[in-house]
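Trainee: Okay, here's what each chain looks like letter by letter:
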Amino acid sequence: MSKVCTEENFQELQQAIATHAGKKGSLMPILNDCQRIYGCVPKKIQLYLSEKLGIPFAEIYGVVTFYSQFSIEPKGDYVIGVCLGTACYVKEAQKILDEVKAKIPDLEVGKTSADGKFTLEATRCIGACGLAPVMTINEDTYGNLTKSQVEAIIKKY
Amino acid sequence: MSDQVTLTINETKVTVPATFTVLEAARAAGIHIPTLCFLKDINEVGACRVCLVEVEGARNLVASCVQPVHDGMKVKTHTQKVREARRSTVSLILSTHDQDCLSCARNQNCELQTLAADLGIRETSYENGNDKKAVDDSSWSVLRDPNKCILCGRCVSVCKNVQGIGILDFVNRGHNTTVEPAFGLGLKDVPCISCGQCVVNCPVAALKEKDNIDEVWAAIEDKEKHVIFQTAPAVRAALGEEFGFAMGTPVTGKMAAAIKRLGADKVYDTNFTADVTIMEEGYELLNRINNAGVLPMITSCSPGWVSYCEYFYPELLPNLSSCKSPQQMLGALAKSYYAKEKGLDPKNIYVVSVMPCVAKKSEAKREELLEDVDVVITTRELARMIKSAGIQFDQLQDEDFDADLLGETTGAAVIFGITGGVMEAAVRTVADVLEGKDLDLLEFTALRGVDGIKEASVEVAGNTYNLAVAHGTANAKKLMEMIQNKEKDYHFIEIMGCSGGCVNGGGQPYVPAFDKLGVDVRSQRAKALYTEDESAPLRKSHQNPQVKKLYDDFLGEPNSHLAHELLHTHYHQRQKFNLGE
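Protein chains in written order, with the numbering used here: chain A, 9 to 165; chain B, 1424 to 2004.
So that you can see chain A by itself, here it is in the shape it has in the complex (with noise of 0.2 Å):
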């Protein structure tokens, strides 16, 4: 994606190494503003985090891993999250889940869509059960959804 490797970019990530380097348990916020810089954290920057703060390759990539906020692969401009909770499960989630991939071509959990429009993810609980079944796109939630709610709702972004 075209809005990851900017040289605007490296230098907003110069800035974050500048601000927490050389501190005690400074990977975790690195990494977050990286994953906010870059809308995720790819194979060269971990390597490059790696040379820069002397942290082993393979320790940066196991918190990455770790950590579901973090992704490898750029996230979309829209990231769909339906809720696979208890609770939405019982109220028939997957449905919901089905729907999202059917009305989006060739998109897959934990894939971004072709066009880098959406992402999709498969939740844990999100505290939110009381609306279940639910299903969030960025800051937006959505809840007491039926199936012929979510392509309505996709259209909108």
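Hints may contain errors.
Claimed, not checked - Below 25 Å or equal to it, Euclidean Cα-Cα: the simulated PhoX-like pairs (lysine-lysine) are:
(1) A:Lys60 <-> B:Lys1999
(2) A:Lys60 <-> A:Lys103
(3) A:Lys125 <-> A:Lys163
(4) B:Lys1611 <-> A:Lys60
(5) A:Lys103 <-> A:Lys155
(6) B:Lys1499 <-> B:Lys1939
(7) A:Lys52 <-> B:Lys1611
(8) B:Lys1900 <-> A:Lys32
(9) A:Lys60 <-> B:Lys1900
(10) B:Lys1555 <-> A:Lys31
(11) A:Lys51 <-> B:Lys1909
(12) B:Lys1901 <-> A:Lys31
(13) B:Lys1611 <-> A:Lys51
(14) A:Lys60 <-> B:Lys1901
(15) B:Lys1648 <-> B:Lys1633
(16) A:Lys109 <-> A:Lys99
(17) A:Lys119 <-> B:Lys1911
(18) B:Lys1909 <-> A:Lys60
(19) A:Lys164 <-> A:Lys125
(20) B:Lys1633 <-> A:Lys52
(21) B:Lys1911 <-> B:Lys1901
(22) B:Lys1999 <-> A:Lys51
What the hints assert, rightly or not - So the derived label-pair ranges between C-beta atoms look like this:
(23) A:Ala160 <-> B:Gly1607: 35 to 45 Å
(24) A:Gly33 <-> B:Asp1554: 41 to 51 Å
(25) A:Gln102 <-> B:Gly1607: 46 to 56 Å
Just so you know, the hints here were simulated from the structure itself, not pulled from any lab data.
Positions of the beta carbon are idealized from the N, C-alpha and C atoms, including for glycine.
Go by the hints and put chain B onto chain A.
Mentor: Using the frame of chain A, we list chain B on its own:
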């Protein structure tokens, strides 16, 4: 606070230092608490929950490996509750472990197998639902089988903290967790130095040496081949452990006898070329000192260290001695000098190295060195060959190595297997050469022992020479930084890739983690080699009569043109990661 505390373990009062953990206190009281992830000084994290005990007043069972003792503490180590907790933990670990034990490389020396037996686990409680994962066989030295991995983290700790590298780490989370290099890269595509410390510290067969035994048998069967075995000094210090001898028992004579029975045409001691190394390296050092060459000069015997330098300190490669390691020198001389003297075609000479090391397997595959050694096996592989040949090792009468041409050795050579040993051997010779006489023997106690970095200064012929020794690459890193910051002017530095030197190499017999709690493997095995040095008739490399003959009849003099061609090599910077892009 008093330095000692008294606690009760299973109705027995025990007084121990206040710094002890419950695990250490129990050991002192003669009680064996099972462990799995625990590795003294290296991995003390309380992760696997196998060492759980009951402590009076504690809400839950506590991990004894990380629980400090305190006065009046009451501990129960083997109650029904504890035993059941351990059994269910280990049963769960077994459920994700590939249990083809009978055909496993660790069959009968697997810590998990022993643990399951000790805990009385007699049935599989949970089916293994894992998909088969790909085995990484990309390295010449180390094979990584994630299907066997139980996520104890011992390899992660030793690589990151003792070696200061961090090739392996935990990846993903929960049930999907694995231990692997970044992005699942193969070990050949990451700066793995092949030291094998992950291998000797793995409780199961998730990390093991590449097995080259079949190649050795094939060469022995091949009537065209003249098979020469060479054994590194550290092998004799540990091989006995595979056959029930106490740690630190030298088994040199039995080892030579066993290898002859395997069908070797000749058995030589790598000590011979350790002596040659001292000649070549000693003269190289003098040459650098006298001709304003690059100093400090750093030893190059340890292939783990050489790889480390190539990956992480390429700017210091000019400091590395150009000498090949003793195993390569022996291979090179076998196929030149020995072949010539014996009238053999070098093509038919097949050199088998028995090494305490898995990095030697990769060293022998270096493009610059490919001709010298045909195959490398570890101490463990030699033990397996001896067992599979039906040789009753403990019943063997001691025999000598072959004595002709490459057969004489000195005490200086045998201590090559211990941290500080190469330096000590070098000083014995260099001091004599500089002073022009046979000096009283120098025993460098300052360079002995297991401190990470050791320093000494020696006065010879009116000049002072600064020496340093490091072992384990995390210590090497510290020393390299001291050199780069010009904190001190050293003349000569010895580095060995593994902590303690070759006696604790990645190819040496496995020692269960619980046993390591009571003994320093490095020092214990070192004793075997120091004893052999002390009883050697000759203790200085340049006094080796066959080394003198080698120079008189063949090489000319140390660092001669021919010596350079056969016994020296070069190094190159290596790319740390191959991302395949």
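Trainee: All the hints need checking, so say for each whether the structure fits it.
Mentor: Here's how the hints hold up against the structure:
1. Proposed proximity of A:Lys60 and B:Lys1999 is supported: the alpha carbons are some 14 Å apart, at most 25 Å.
2. For the hint linking A:Lys60 to A:Lys103, the alpha-carbon distance of about 46 Å lies beyond 25 Å, and the restraint is violated.
3. At most 25 Å may separate the alpha-carbon atoms for a hinted pair to count; A:Lys125 and A:Lys163 meet this at roughly 12 Å.
4. A threshold of 25 Å between alpha carbons decides the hint, and for B:Lys1611 with A:Lys60 the separation of about 23 Å falls inside it, so the pair holds.
5. Proximity of A:Lys103 to A:Lys155 is assessed by CA-CA distance (about 7 Å); at most 25 Å being required, the pair is judged to hold.
6. Proposed proximity of B:Lys1499 and B:Lys1939 is supported: the alpha carbons are some 23 Å apart, at most 25 Å.
7. Of the pairs offered as hints, the one joining A:Lys52 and B:Lys1611 holds, with about 18 Å between alpha carbons and a cut-off of 25 Å not exceeded.
8. Restraint check for B:Lys1900 and A:Lys32: satisfied, since their Cα atoms lie roughly 21 Å apart, inside the 25 Å limit.
9. This hinted pair checks out: A:Lys60 and B:Lys1900 have alpha carbons roughly 17 Å apart, not beyond 25 Å.
10. Distance check on the hinted pair: B:Lys1555 and A:Lys31 sit about 41 Å apart at the alpha-carbon level, beyond 25 Å; violated.
11. For a cut-off of 25 Å, the pair hint linking A:Lys51 to B:Lys1909 is broken: about 35 Å separates their Cα positions.
12. Between B:Lys1901 and A:Lys31, the direct Cα distance comes to roughly 21 Å. Compliance with the 25 Å bound is thereby established for this hinted pair.
13. Restraint check for B:Lys1611 and A:Lys51: the C-alpha separation of about 18 Å stays at or below 25 Å, so the hint holds.
14. Our distance criterion of 25 Å between C-alpha atoms is met by A:Lys60 and B:Lys1901, whose separation comes to about 18 Å.
15. Annotation: proposed proximity of B:Lys1648 to B:Lys1633 holds, straight-line Cα distance about 23 Å (limit 25 Å).
16. Taken as a hint, the A:Lys109 and A:Lys99 pair is honoured in the structure, with Cα atoms around 18 Å apart against an allowance of 25 Å.
17. Taking the CA atoms of A:Lys119 and B:Lys1911, the gap is about 55 Å. The hint is violated against a cut of 25 Å.
18. For the given pair, B:Lys1909 sits about 23 Å from A:Lys60 by alpha-carbon distance, which is consistent with the 25 Å threshold.
19. Pair hint A:Lys164 plus A:Lys125 holds up; C-alpha atoms about 12 Å apart against a cutoff of 25 Å.
20. At most 25 Å may separate the alpha-carbon atoms for a hinted pair to count; B:Lys1633 and A:Lys52 exceed this at roughly 31 Å.
21. For the proposed pair B:Lys1911 and B:Lys1901, the alpha carbon gap of about 13 Å is at most 25 Å, so the pair holds.
22. At most 25 Å may separate the alpha-carbon atoms for a hinted pair to count; B:Lys1999 and A:Lys51 meet this at roughly 14 Å.
23. In this structure the supplied range 35 to 45 Å holds for A:Ala160 paired with B:Gly1607, their Cβ-Cβ distance being about 41 Å.
24. At about 35 Å, the beta-carbon gap between A:Gly33 and B:Asp1554 misses the expected band of 41 to 51 Å.
25. Between A:Gln102 and B:Gly1607 the Cβ separation comes to about 30 Å, which falls outside the hinted range of 46 to 56 Å.
The earlier numbered hints that this structure contradicts are 2, 10, 11, 17, 20, 24, 25.
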